[in-house]
Amino acid sequence: MQGRKAKIDPVTAQVIGGALENVAIEMGHKLARMSYSSIIRESEDFGAALLDAQGRQLCESVDSTPLQLGPIPGYMRGIFRVMEERGETFAPGDVVMHNSPYHGASHGPDVGFCVPVFRGEELIGFSFTTAHHLDIGSLHPGSTGIVDAVDAYAEGLQFKAVKVYDAGKKNEAVWQILRDNIRAPGMVVGDMEAQIAACRAGAERFVEIVEEFGLEGVNAASEELMDYSERMLRSRIAELPDGVYRAEGFIDGFVDSPNENEKDLKIAVTLSVEGSDIHVDFEGTAPQVDLPINMPFEGTVDVAVYLTIRSILLDSALTEYVPQNDGLTRPVRITAPKGTLTNPIFPAPTIARFCPGNIVADTVMRALSEVAPRNVSAGVGNLKVVAYSGLVGEDYWVYMDITEGSYGGRYGKDGMDAVDTLFANTRNNPVEDIESHYPLRVDRYELRDDVASGPGRWRGGLGSIRQISFLEEGRFALEGDGHRFAPWGIFGGEEGIAGDLLLNPGTDGEQHLPSKIPDRRMRAGETVRTVSPCGGGYGDPLQRDPARVLDDVLDGFVSEENARKQYGVVLSDGGVDAAATASLRERMAGERA
Amino acid sequence: MHLVGVDVGGTFTDLVLSDPEGGETYTHKIPTSGDDPSEAVIRGVYEVCRMAGIEPSEVSYLFHGTTTATNAILEHKGAEVGLLTTEGFRDIVHIGRHQRPQNYSIMQEIPWQDRALVKRRHRKVVPERLSPPRGEVLTPLDEEAVREAARELKEAGVEAVAVCFLFSYLNPAHEERAREILEEEMPGAFVTTSSSIFPQFREFERFTTAAINAFVGPKVGRYVRNLRAGLKEGGVRADVHIMRSNGGVSPSEVAAESPVTLLLSGPAAGILGGAFSGEVSGRRNLITFDVGGTSADIGIVTGKGFEEAGARDTWIAGFPVMVPMIDVSTIGAGGGSIAYVDEGGAFRVGPRSAGAVPGPACYGKGGTEPTVTDAHAVLGVLDPEHFLGGNMPLYPERAFDAVGGLAGKLGMDVREAADGILRILNNSMANATRAVTVQKGHDPRAFSLVAFGGAGPLHAVEVARILGVREIIVPAYPGINSAIGLLTTDLKYDAIATQFTLSTDPDLERLNADIERLEGDVRAQLRSDGIAQGDIEVSRGVDCRYVGQGYELRVPLPEGR
Chain A
1 MQGRKAKIDP
11 VTAQVIGGAL
21 ENVAIEMGHK
31 LARMSYSSII
41 RESEDFGAAL
51 LDAQGRQLCE
61 SVDSTPLQLG
71 PIPGYMRGIF
81 RVMEERGETF
91 APGDVVMHNS
101 PYHGASHGPD
111 VGFCVPVFRG
121 EELIGFSFTT
131 AHHLDIGSLH
141 PGSTGIVDAV
151 DAYAEGLQFK
161 AVKVYDAGKK
171 NEAVWQILRD
181 NIRAPGMVVG
191 DMEAQIAACR
201 AGAERFVEIV
211 EEFGLEGVNA
221 ASEELMDYSE
231 RMLRSRIAEL
241 PDGVYRAEGF
251 IDGFVDSPNE
261 NEKDLKIAVT
271 LSVEGSDIHV
281 DFEGTAPQVD
291 LPINMPFEGT
301 VDVAVYLTIR
311 SILLDSALTE
321 YVPQNDGLTR
331 PVRITAPKGT
341 LTNPIFPAPT
351 IARFCPGNIV
361 ADTVMRALSE
371 VAPRNVSAGV
381 GNLKVVAYSG
391 LVGEDYWVYM
401 DITEGSYGGR
411 YGKDGMDAVD
421 TLFANTRNNP
431 VEDIESHYPL
441 RVDRYELRDD
451 VASGPGRWRG
461 GLGSIRQISF
471 LEEGRFALEG
481 DGHRFAPWGI
491 FGGEEGIAGD
501 LLLNPGTDGE
511 QHLPSKIPDR
521 RMRAGETVRT
531 VSPCGGGYGD
541 PLQRDPARVL
551 DDVLDGFVSE
561 ENARKQYGVV
571 LSDGGVDAAA
581 TASLRERMAG
591 ERA
Chain B
1 MHLVGVDVGG
11 TFTDLVLSDP
21 EGGETYTHKI
31 PTSGDDPSEA
41 VIRGVYEVCR
51 MAGIEPSEVS
61 YLFHGTTTAT
71 NAILEHKGAE
81 VGLLTTEGFR
91 DIVHIGRHQR
101 PQNYSIMQEI
111 PWQDRALVKR
121 RHRKVVPERL
131 SPPRGEVLTP
141 LDEEAVREAA
151 RELKEAGVEA
161 VAVCFLFSYL
171 NPAHEERARE
181 ILEEEMPGAF
191 VTTSSSIFPQ
201 FREFERFTTA
211 AINAFVGPKV
221 GRYVRNLRAG
231 LKEGGVRADV
241 HIMRSNGGVS
251 PSEVAAESPV
261 TLLLSGPAAG
271 ILGGAFSGEV
281 SGRRNLITFD
291 VGGTSADIGI
301 VTGKGFEEAG
311 ARDTWIAGFP
321 VMVPMIDVST
331 IGAGGGSIAY
341 VDEGGAFRVG
351 PRSAGAVPGP
361 ACYGKGGTEP
371 TVTDAHAVLG
381 VLDPEHFLGG
391 NMPLYPERAF
401 DAVGGLAGKL
411 GMDVREAADG
421 ILRILNNSMA
431 NATRAVTVQK
441 GHDPRAFSLV
451 AFGGAGPLHA
461 VEVARILGVR
471 EIIVPAYPGI
481 NSAIGLLTTD
491 LKYDAIATQF
501 TLSTDPDLER
511 LNADIERLEG
521 DVRAQLRSDG
531 IAQGDIEVSR
541 GVDCRYVGQG
551 YELRVPLPEG
561 R
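Protein sequence lines, in the order shown, are assigned to chains A and B.
Once you know that position 1 of the first sequence is 1 in our numbering, the rest is easy, because the numbers rise by one and skip nothing.
Once you know that position 182 of the second sequence is 182 in our numbering, the rest is easy, because the numbers rise by one and skip nothing.
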């Protein structure tokens, strides 16, 4: 024990912690099973959590994505703020809808639903879900690739702590306005109802736990679990040398823009460690732009910072189980100058904040790499999110496809191939699901083996190639990043490979496109190929185990020529020529010096 | 008639011989043989026959629970596997669902990437393509390309191949033709198709299931051959029937064709044993609670039989497995689970276990860390005079030392710490039990808890209290309950086909034709197993969901057209 006297015995604290987490998991199951859109039921782009009466997160569903879970306390603070301004209070039977990115929401399409939990007259906490919705009434179909929105109003409907059920009574007018102003309303409203049902189930179970252990017991256990998570993170921060660590990352921005201020945008991170505290500051980051790659400070930037620090210093594969709760935010302070990409001023648009947020996370990791070299990866490849849509009669179909990035090499391990990255962790949609529901055909879904991923002692992970054709006329829009800047190499490793986007590859009309494409019309037969980046290398490639290089050659990831050029490994007769490899590596090392 | 049940566990091979027409029941326990578990099985069968005073040739049926497939996947020691798939989709089994297994980890492993079932060099693509909704052929199968791939795989020393084409669940023709060609070109190889294992959508999960089948296939095949040969040599005439994950048995040769269905062979036998014990007590709603040294397996039995897991929810060794399985919730909590204080000051128990070596401190075999068994020893629950029937010495003073060290760190006295170990463990077990009861809509208060395995009865009362369960049943032979379960089972086959249809506008012609075909297949298999027509029972079901949702509920389908 760290000299701190817990108010509850450690055994009961563990028991209550397990029971609370079970509730959040159950909420997640319910939501996934009841929802209609593949973005929720297949891609798991949702979050579920319980909070205490002060809005502090107690537990979360493990079957969902960090970028939906992390922002929930921010949504709650936003709701508190708005309701206080209006002089409103919570009543039993309320359901509150909220998606304002200037009041804690992650971005407009991630709509939060909040059910206050009452025991009798007493407000004891909140049951909360978030989920990404297919359409929220933006200027064109879908809720991704809205890259030409000029302000928050163009992004779609904004809900600021709206009671869609008021003391148990359904607010029909709000639902009607909603239905009339979004595309694919059947699906979207069905998904929202699933969120509410999951919240209500969570609220009931929360009350049961309080009945069983008493409110005092649950509160004391919650305090202890938050303190525990805080202590764990503080002990790891304290192991780092005090100091100021800096890193820079760049986002593509809009490379086809005539405005220089809209491309090659800098994210600057200054990370200071002092004792068991970390301060992350974004001074030096590019100013905000009139395009939706600004990031809500609360809901995107803070989440990217918290989750990256947690994943590095309290890596769940290497440490004890540490509950993801409010305690993990206490040792970390975040500041960003107003009017920058990382702290925009209303009504700057933010809807396409996902990919820039990944660069924030990646740059925070880079800043920590110097002092936590065995817990970071080299540069991470960013991903792309695509909206496919079309009309059948007067009705829209909308499909949202999340592609994947890749991780850089790690100490002792190559980078993870073709995965969702850093502050998100969704799932792809099966080819067999896509083609069964939409007039689309998936032509290809494979790893990139046309290039060598970032060479290193442990090489970068491989990106993917995903190619989808329209079987009927439709529309397409895309948000992505990582075309201009390859993922960084580290400790002697080389940089990875940038991503790409092709229209109608292999035809006369083949075109390379930038990483942000506003809505465009697509003819039947037209094809989109997304190519994700490959991660950066970790450590000197000349130190890579020749057997691993041989494996990569046999598996088609590295050519024999690159084995020689990049790794100094000579192959003969299907094996490694040890003597030739040793002398080649010696010569290459000499030339380098 | 003499029935023999043999259950092979990690440490012990348990046997039971029974005469259902009123004779005596004999039980036997011998150490599991490491390299080839069939040795102990064969020896055990002879020994239990000798105990009963019968000849091996007098055994009428032999039922067997095996961990051969389970261990091959858990230890990642399987065959060199090849995969034949649709051109453009070479890496489905590597990319998976593009989701990292853990949300908050940079250094994590991804099982399908770090422990690939099929190396990329052995993943071959061929031109062919089907499309939904009916599996129409867009691109015919390029048979020459299949032949070429087969030759390359053979050359590379591949011994098992999984054939995995997109949309094969709608039309298996391409997979079947490719299988024929592979069998021609690679005689002796183990060839499997994804549509024959589990014809449902979601390609990563279906392909991975087929790849696991190929990965464990040759090993299970060898094991079954050794077992059959050894038993035959010793005069056993009865065929071996193997317990499958679905809770039924099938003849060993049939089981060896789809070994992916054997991954839960052991736990399934346990649940059936629990069900039997409940039945003889006249109870229909049961929680089966099987606790050993390192893990606890918890299952549910109701008047309708045991529960089946949703195929989406079953994972083994980090891989998704889409085959019918008994619903069992397994946690790393048992008698050997180690208690400790972590670096943040939290009091934890398991999942690390002291195992058989060094074992709990009180066994006196060199263990020094406090375990659950030590907590029992401290609290006087275990009687040193009668441990394992008085056959095993117990050293409670060593338990006091081990638990005392932990108590010091927690600022507790030794009994408080011992009590705390049990409370934490019991609550973990209760949470795992909630996963198969409350979370599936069963109220545990309406169930009896059947406690077995070495440590089950020790924890049953407390777990029952936490869950509100009112009754506990301890079987007569809790230590060999799984072997007894084997004797209570039926031959059982699952047959599945996928066809999407609206309940408001069903294609009844096609539905009836499909159902009749499936039923005919299953009946033919059972008749070839020697089962009389009158003894066959068929149950039918459809998986239903609301239009647009993605998860189904199984609804029973009455007989008739």
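Worth flagging that the hints you see were computed from the coordinates, not collected in a lab.
The beta-carbon is built from N, C-alpha and C at its ideal position, and this holds for glycine as well.
Be careful, since some hints might not be right.
What the hints assert, rightly or not - Label-pair distances were calculated between CB atoms; the ranges are:
id	chain 1	residue 1	chain 2	residue 2	range
1	B	Pro187	A	Val371	53 to 61 angstroms
2	A	Arg523	B	Pro140	25 to 33 angstroms
3	A	Asp395	B	Ser503	47 to 55 angstroms
4	B	Arg561	A	Arg523	54 to 62 angstroms
5	B	Arg561	A	Asp395	34 to 42 angstroms
6	B	Asp413	A	Lys338	54 to 62 angstroms
7	B	Met51	A	Ala547	48 to 56 angstroms
As the list claims (entries may be wrong) - Below are the DSS-like pairs computed for lysine-lysine, each with C-alpha atoms no more than 30 angstroms apart in a straight line:
id	chain 1	residue 1	chain 2	residue 2
8	A	Lys565	B	Lys365
9	A	Lys413	B	Lys77
10	B	Lys29	B	Lys409
11	B	Lys119	A	Lys413
Claimed, not checked - Heads up, incomplete: computed chain B residues facing chain A, CB under 7 angstroms, no partners named:
id	residue
12	Arg120
13	Tyr551
14	Arg554
Consistency of the hints with the structure:
At roughly 59 angstroms, the beta carbons of B/Pro187 and A/Val371 sit within the given window of 53 to 61 angstroms. Our hint of 25 to 33 angstroms for A/Arg523 and B/Pro140 holds, since their Cβ atoms are close to 27 angstroms apart. With their beta carbons about 22 angstroms apart, A/Asp395 and B/Ser503 fall outside the hinted range of 47 to 55 angstroms. Roughly 46 angstroms separates the CB atoms of B/Arg561 and A/Arg523, a value that falls outside the hinted 54 to 62 angstroms.
At roughly 36 angstroms, the beta-carbon separation of B/Arg561 and A/Asp395 lies within the given 34 to 42 angstroms, and the hint holds. For B/Asp413 and A/Lys338, the Cβ-Cβ distance of about 57 angstroms falls inside the hinted range of 54 to 62 angstroms, so the restraint holds. Checked against the hint of 48 to 56 angstroms, the C-beta distance between B/Met51 and A/Ala547 comes to roughly 53 angstroms, which is consistent with it. Taken as a hint, the A/Lys565 and B/Lys365 pair is broken in the structure, with Cα atoms around 56 angstroms apart against an allowance of 30 angstroms.
Taking the CA atoms of A/Lys413 and B/Lys77, the gap is about 21 angstroms. The hint holds against a cut of 30 angstroms. A C-alpha spacing of about 40 angstroms is found between B/Lys29 and B/Lys409, which places the hinted pair above 30 angstroms, so the restraint is violated. Restraint check: the Cα-Cα separation between B/Lys119 and A/Lys413 comes to about 17 angstroms, which is no more than 30 angstroms; the hinted pair holds. Annotation: B/Arg120 was flagged as interfacial toward chain A, and the flag holds, the nearest CB pair being 4 angstroms apart, inside 7 angstroms.
Hint on B/Tyr551 holds. Least Cβ distance to chain A is approximately 4 angstroms, under the 7 angstroms limit. Look at B/Arg554: its Cβ only gets to about 14 angstroms from chain A, farther than 7 angstroms, so that hint breaks.
In the structure shown, a violation is registered for the earlier hints numbered 3, 4, 8, 10 and 14, in ascending order.
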